[in-house]
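There are 2 protein chains.
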Amino acid sequence: MISQRLKALRNYMASKKLDAFIIPSTDPHQSEYVANHWKLREYFSGFTGSAGTLVVTKDIAGLWTDSRYFLQFEDECNDSEVILCKQSIPHAPEHVEWICNLLNENTIIGVDYRQFSKSQIDYILSFTSTKNIQLQNEPKFTDGIWTDRLALPNFPVDVHPIEFSGETTASKIDKVQTEIKNQDAQYYLFSSLDEIAWLFNIRSSDVDFTPLVTAYALVGANTSILFCNKSRFSQSAIATFGELNISVQEYDTVVSLLNEVPKEKTIITDPSTLNYSCFNAVSGRFIYQNSIVKELKAIKNEIEIEGAKNCMLKDGVALTKFFIWLEQELENREISEYEIGRKLDNFRQQQEYYTGESFAAIVGYKGNGAIIHYTAPEENSAMVKNEGILLVDSGAQYKDGTTDITRTVWLGGTPSTELKTAYTSVLKGYIELEQLQFPIGTTGAQIDAFARMHLWKNGLDYPHGTGHGIGSYGMVHEPAQGFATGATTARGTTPHLSHQLTTIEPGCYVTNQFGIRTENIVVSKVVKETAFGKFLGFEALTLCYIDTNLLNLEQLSTSEINWLNNYHQLVSDKLSPLLNEKEKQWLQQKCKAL
Amino acid sequence: MISQRLKALRNYMASKKLDAFIIPSTDPHQSEYVANHWKLREYFSGFTGSAGTLVVTKDIAGLWTDSRYFLQFEDECNDSEVILCKQSIPHAPEHVEWICNLLNENTIIGVDYRQFSKSQIDYILSFTSTKNIQLQNEPKFTDGIWTDRLALPNFPVDVHPIEFSGETTASKIDKVQTEIKNQDAQYYLFSSLDEIAWLFNIRSSDVDFTPLVTAYALVGANTSILFCNKSRFSQSAIATFGELNISVQEYDTVVSLLNEVPKEKTIITDPSTLNYSCFNAVSGRFIYQNSIVKELKAIKNEIEIEGAKNCMLKDGVALTKFFIWLEQELENREISEYEIGRKLDNFRQQQEYYTGESFAAIVGYKGNGAIIHYTAPEENSAMVKNEGILLVDSGAQYKDGTTDITRTVWLGGTPSTELKTAYTSVLKGYIELEQLQFPIGTTGAQIDAFARMHLWKNGLDYPHGTGHGIGSYGMVHEPAQGFATGATTARGTTPHLSHQLTTIEPGCYVTNQFGIRTENIVVSKVVKETAFGKFLGFEALTLCYIDTNLLNLEQLSTSEINWLNNYHQLVSDKLSPLLNEKEKQWLQQKCKAL
Chain F
1 MISQRLKALR NYMASKKLDA FIIPSTDPHQ SEYVANHWKL REYFSGFTGS
51 AGTLVVTKDI AGLWTDSRYF LQFEDECNDS EVILCKQSIP HAPEHVEWIC
101 NLLNENTIIG VDYRQFSKSQ IDYILSFTST KNIQLQNEPK FTDGIWTDRL
151 ALPNFPVDVH PIEFSGETTA SKIDKVQTEI KNQDAQYYLF SSLDEIAWLF
201 NIRSSDVDFT PLVTAYALVG ANTSILFCNK SRFSQSAIAT FGELNISVQE
251 YDTVVSLLNE VPKEKTIITD PSTLNYSCFN AVSGRFIYQN SIVKELKAIK
301 NEIEIEGAKN CMLKDGVALT KFFIWLEQEL ENREISEYEI GRKLDNFRQQ
351 QEYYTGESFA AIVGYKGNGA IIHYTAPEEN SAMVKNEGIL LVDSGAQYKD
401 GTTDITRTVW LGGTPSTELK TAYTSVLKGY IELEQLQFPI GTTGAQIDAF
451 ARMHLWKNGL DYPHGTGHGI GSYGMVHEPA QGFATGATTA RGTTPHLSHQ
501 LTTIEPGCYV TNQFGIRTEN IVVSKVVKET AFGKFLGFEA LTLCYIDTNL
551 LNLEQLSTSE INWLNNYHQL VSDKLSPLLN EKEKQWLQQK CKAL
Chain R
1 MISQRLKALR NYMASKKLDA FIIPSTDPHQ SEYVANHWKL REYFSGFTGS
51 AGTLVVTKDI AGLWTDSRYF LQFEDECNDS EVILCKQSIP HAPEHVEWIC
101 NLLNENTIIG VDYRQFSKSQ IDYILSFTST KNIQLQNEPK FTDGIWTDRL
151 ALPNFPVDVH PIEFSGETTA SKIDKVQTEI KNQDAQYYLF SSLDEIAWLF
201 NIRSSDVDFT PLVTAYALVG ANTSILFCNK SRFSQSAIAT FGELNISVQE
251 YDTVVSLLNE VPKEKTIITD PSTLNYSCFN AVSGRFIYQN SIVKELKAIK
301 NEIEIEGAKN CMLKDGVALT KFFIWLEQEL ENREISEYEI GRKLDNFRQQ
351 QEYYTGESFA AIVGYKGNGA IIHYTAPEEN SAMVKNEGIL LVDSGAQYKD
401 GTTDITRTVW LGGTPSTELK TAYTSVLKGY IELEQLQFPI GTTGAQIDAF
451 ARMHLWKNGL DYPHGTGHGI GSYGMVHEPA QGFATGATTA RGTTPHLSHQ
501 LTTIEPGCYV TNQFGIRTEN IVVSKVVKET AFGKFLGFEA LTLCYIDTNL
551 LNLEQLSTSE INWLNNYHQL VSDKLSPLLN EKEKQWLQQK CKAL
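Respectively, the protein sequence lines represent chains F and R.
The C-terminal position of the first sequence is numbered 594 in the working numbering, with every residue numbered one higher than the one before it.
The C-terminal position of the second sequence is numbered 594 in the working numbering, with every residue numbered one higher than the one before it.
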């Protein structure tokens, strides 16, 4: 099937004199999760992983992805002609240099400009230009090939009410318009879906796991255009927008409208998200900057933080009920990883304002926990017994917030010293970073290592960043702040500020043996102000017991034991009123002071 | 005087139709310390600080420098027309954007290409090109203006013997030639003086504080050229070079020889050090890379590490004798900061293989210690009494190594709690980073904050990086590894490897009150190897007691007290055999276990 599709693509390439074609995994908005309509890379390669780029030439179809997906690639693509090209750095465009080395001079690469940001095309051009390789925009290359391609989603759009958003659309638009005036520009062009959802206080269900709306937005000094099919909105929503000088226009008119922007106008935009098709449509001048909405959105207001805290109560209740169910059920039977994931979601569904999972839950038993982006298959996933280790990383979307939590639990038997050392070091790392006080503006790369130091002491480590921003009924991975080793990633280089929500999630993985990760969401706040400036600290928001069966108590300092006792007291105090007597007793047992 | 010089420069600019002139502080080799011949920026601005760039237009003469030098600028330039332009980031070329904004289209900036690296000119061109501003090479702009400009230094060149270098020139050249072959190139062009000194095992005294030789080097696949005046070498040195297929040619013939390199040849070079004049002279193809010699040189061999350890003994003895002298002398009289610095140097001069200071010693009493790049003036420097705090940052060049150490001592009276908290936090930070174990390849930015964490906890910090590489009878600030907050500096982004010498030097500064810094040189070594890879740790090499009068013992953990006792035991054990009985007793008192 894949080879038929590739054959059809190559026929198309031949007819258009294309020597190569690059098919990335994203949509016109650089989204992490995309609507089925945009699953082009999956369609032509069979690979369903969330990160990967397909490069097709006459002879080769190469799928570029990083080590998190190597096993998944083998599972999904082993029978096809698609070969695995191993990236050393996740999301790095290593295929660009490769294809430019491979191609002769004066050749042509086909791309759909909508799938590439302005920055990405600039990067490609820096390699193609020396060999006079041309890029050709091919927005219709699937016509006649992908005949059952789904249309773009067109679900109703909900207005995200002020009791959840905490700030009116008028106030948010006003901040953007102030920036337009400050920069002496006329427009601000947005293409990132979560920025548009935040700015206009709108939500829908266009993509998996994230309540976003497929749209563009052009904010002017006084009036704004939201490019999103009008039929998706209620009459009253349209009317309310009208009062704010926001007109709603059809999604697919964005390019033609951008064409009409006069040459002398200046548009501010973020080149890392603006797609090249939109960029190309404009004859005016651009000012490039990190999106102001990305920056504003990362600072949560008090209502959003209250919402997050409320979600943590709900998540905490669901997780407590889930772990009780798991413990009891395992006494009688084995349960598949897949069923465990579904059951956890069932418990969350019973909570107020629940709308869905915030990502595909990771339920990894024993060695499966070591596969960092593991998803238990619907059929034949591993059977979990009342012994050994289980990693559960999950989250939900509630209308008042987004959650993401990982716990690793011991199901029975005697854990090895190695396992206890690793588990204890992970917890110590979590505590170290969560308890750190640091100057406002410190970047994630500067402090990521505090979560690793105790692992390092034991010759251990983990091959991923330590945390990411998280949205408010938005994206579970929200830019830009976080904790990462790399000086090249936004999570590494973005200054931490007050009122941000970020995960702290150190781990430790031994292939075929175990995966450990402990993850809470924390909120940043100013804890001290001196002549040296403001200093930030974190407060844990996530409320769920931490399994003490895997702790090596001798490794913990007094202050670490105090931290754990205080945290468990908080979890117990906050969740107990929401549990029945039996559940309460079970939780208090888990939260008993050490 | 300065205004006469600027007037002459502006006359020259008018005659050449130049709208601006940029005069940086460096030489054709991007050296940190330059020969007097190259002190152009000082000549035209009067500013003697080590970092700063002068930009001259018809109306403005602006000196760009960072906060470390603001006070010095006021002292030195207050009476002249030169204005201070405050840089927010040290060494950042912030003046480039400024001058390009200021100038009209189609204007011309004069520069001496030799004073700019290839990378620096590329950076300038990225701003000038949009306004069609031209750069014009003006290597003779001081002719007829700076009439008493000194000639380039021409001192005899010493061969650095194998008992100090630990590796023959033949072996070093061989590694470069292997790289040339691996890259399918014909030449490797070097312009950094410390790289050339290392590669050819040569030393001289062309610049202050650093035993370098003014030279270029072109290494070919089989033969090499060292561009350095032949009269500087002994007959036997020339002969020995001859046996290695190294010919010595006059320094100023480099450009004409580079002109002759055929078009089809490929030259490897480091664009961050190669000056634009040399770059311009070549018609062949360049391969740009981080200099291989910079990388090789950063890994010290066993002889160099032995040499470093030997220097620490010598420095330790000199410092012990110095601190004894200081303590005794202060009982009877007040001593100027300047005299203290000279006296310390006197003690070092008595040590074997001493050749000079490795930088201008910083002796800062009370508030002067808070001026990070303070140099006590020869006349009217502060008078030090037997009370209060004194910061002494100093180092020496010995033929077997280079040293750099900072100690802060309490001279009498009762220190404030604030002072003790800061001093103790600085020491805790030093210990934290020195004791850290981390994966090989970890960058400086990732672990710099361990030296700050205890300061941060108390709302304190310091406005500089935490450490730098150091040479072996070479530069006191040797690239590339180190510890820095910034993801944009080499010290922040360079991976740490085994066998490197680096300083750890946290501090704390309160304007007009005190400066604290504690600095040791450490060597990196593999301390653990597991399935997760190799892990590095540090071993302190510097041997000098740490003043315990300023410690708040309640702030120190048991393991920190153990660290200090062990370190003091080491200092006492190593230095005592080299001291007389009285000195020994004094040191043992200072090193007494807590």
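It should be emphasised that the hints constitute simulated quantities derived from the structure, not laboratory data.
Note that CB positions come from ideal geometry on N, CA and C, so glycine has one too.
One thing to keep in mind: the hints can contain errors.
Sample of chain F residues lacking proximity to chain R, with all beta carbon distances greater than 12 Å (derived) [what the hints assert, rightly or not]:
#	residue
1	Gln4
2	Gln186
3	Asp448
4	Ala449
5	Leu455
Within a straight-line C-alpha distance of at most 25 Å, the following computed DMTMM-like cross-link-like pairs (lysine to aspartate or glutamate) qualify [said to hold, decoys possible]:
#	chain 1	residue 1	chain 2	residue 2
6	R	Lys528	F	Glu554
7	R	Lys175	R	Asp143
8	F	Lys420	R	Glu529
9	F	Lys592	F	Glu387
10	F	Lys39	F	Glu378
11	F	Lys457	R	Asp122
12	R	Lys131	R	Glu167
13	R	Lys366	R	Glu387
14	R	Lys420	F	Glu529
15	F	Lys265	R	Asp122
16	R	Lys457	F	Glu434
17	R	Lys131	F	Asp122
18	R	Lys528	F	Glu418
19	R	Lys265	R	Glu105
20	F	Lys528	R	Glu539
21	R	Lys131	F	Asp66
22	F	Lys528	R	Asp122
23	F	Lys263	R	Glu105
24	R	Lys265	F	Glu105
25	F	Lys7	F	Asp122
26	R	Lys534	F	Asp79
27	F	Lys584	F	Glu418
Hints not upheld, ascending by number: 3, 4, 5, 7, 11, 12, 15, 19, 20, 21, 22, 25, 26 and 27
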